[in-house]
Amino acid sequence: MTLDLGMLAFSILLGLVQIVLASHAASLQRGYRWTASSRDEVVPPLTGVAGRLERALRNFAETFPLFAAAVLIAHLAGAHSWMTEAGAQLYLYGRIVYLILYAAGVFLLRSLAWNVATIGIMLILLALL
194 MTLDLGMLAF SILLGLVQIV LASHAASLQR GYRWTASSRD EVVPPLTGVA
244 GRLERALRNF AETFPLFAAA VLIAHLAGAH SWMTEAGAQL YLYGRIVYLI
294 LYAAGVFLLR SLAWNVATIG IMLILLALL
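In my numbering, the protein residues as written are 194 to 322.
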């Protein structure tokens with residue numbers, strides 16, 4: 194397995210971790226009875242760490258398909274290079290740092306971590322040229 198595909202696999206794991214963290218944080222705030230319900234009723238937005246984890250997960254869900262597609266296209270095109278490796282690492286490590294900073298409520302550095310992850314995707318796409 195190439196490093197790029199390994200980073201993709203670890204990114205999937207990161208997504209699963211984020212789902213669990215956000216779910217448990219929401220359950221702690223709204224109660225496990227709500228978690229087990231059909232969730233048909235309108236509830237106020239999550240606040241604090243629970244809200245930040247939910248938003249970080251939503252942001253991950255927006256960027257991950259782009260990253261996965263870029264890695265898979267590069268792999269299928271045989272464009273594996275230092276650029277795809279660096280891009281995949283930047284994406285994963287940027288997303289990990291983003292999650293930690295977002296959960297902690299650090300606002301400016303969080304945006305920098307998001308930019309690092311996005312540059313990672315762009316590096317993979319540049320490798321296709």
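Bear in mind the hints are in silico, worked out from the structure with no lab data behind them. Don't take each hint at face value.
The calculated label-pair distances, taken between Cβ atoms and stated as ranges, are [to be verified]: (1) Ala297 - Ser220: 13 to 23 Å; (2) Val235 - Trp275: 17 to 27 Å; (3) Val210 - Ser230: 45 to 55 Å; (4) Ser274 - Ala297: 16 to 26 Å; (5) Val299 - Ala254: 17 to 27 Å; (6) Pro238 - Thr195: 23 to 33 Å; (7) Val210 - Leu259: 18 to 28 Å.
For clarity, every value in this text was computed on a predicted model and none was experimentally measured. Just so it is clear, CB atoms sit at the ideal spot from N, CA and C, and this is done for glycine as well.
Given a hinted range of 23 to 33 Å, is it respected by the beta-carbon distance of Pro238 and Thr195? violated, 41 Å
Looking only at beta-carbon atoms, does the pair Val235, Trp275 fall within the given range of 17 to 27 Å? Violated: the Cβ-Cβ distance is about 50 Å, outside 17 to 27 Å.
For the range 13 to 23 Å, tell me whether the beta carbons of Ala297 and Ser220 fit it or not. Cβ of Ala297 to Cβ of Ser220: about 20 Å, so the range 13 to 23 Å holds.
So does Val299 sit 17 to 27 Å from Ala254, Cβ to Cβ? holds, 21 Å
Has the hinted range 16 to 26 Å been met by the Cβ atoms of Ser274 and Ala297? The hint (16 to 26 Å, Cβ to Cβ) is violated, given that Ser274 and Ala297 are roughly 35 Å apart.
Do the beta carbons of Val210 and Ser230 sit within 45 to 55 Å of each other? violated, 24 Å
For the hint 18 to 28 Å, verify it against the beta carbon of Val210 and that of Leu259. holds, 20 Å
Going through the hint list in order, the structure does not satisfy hints 2, 3, 4 and 6.
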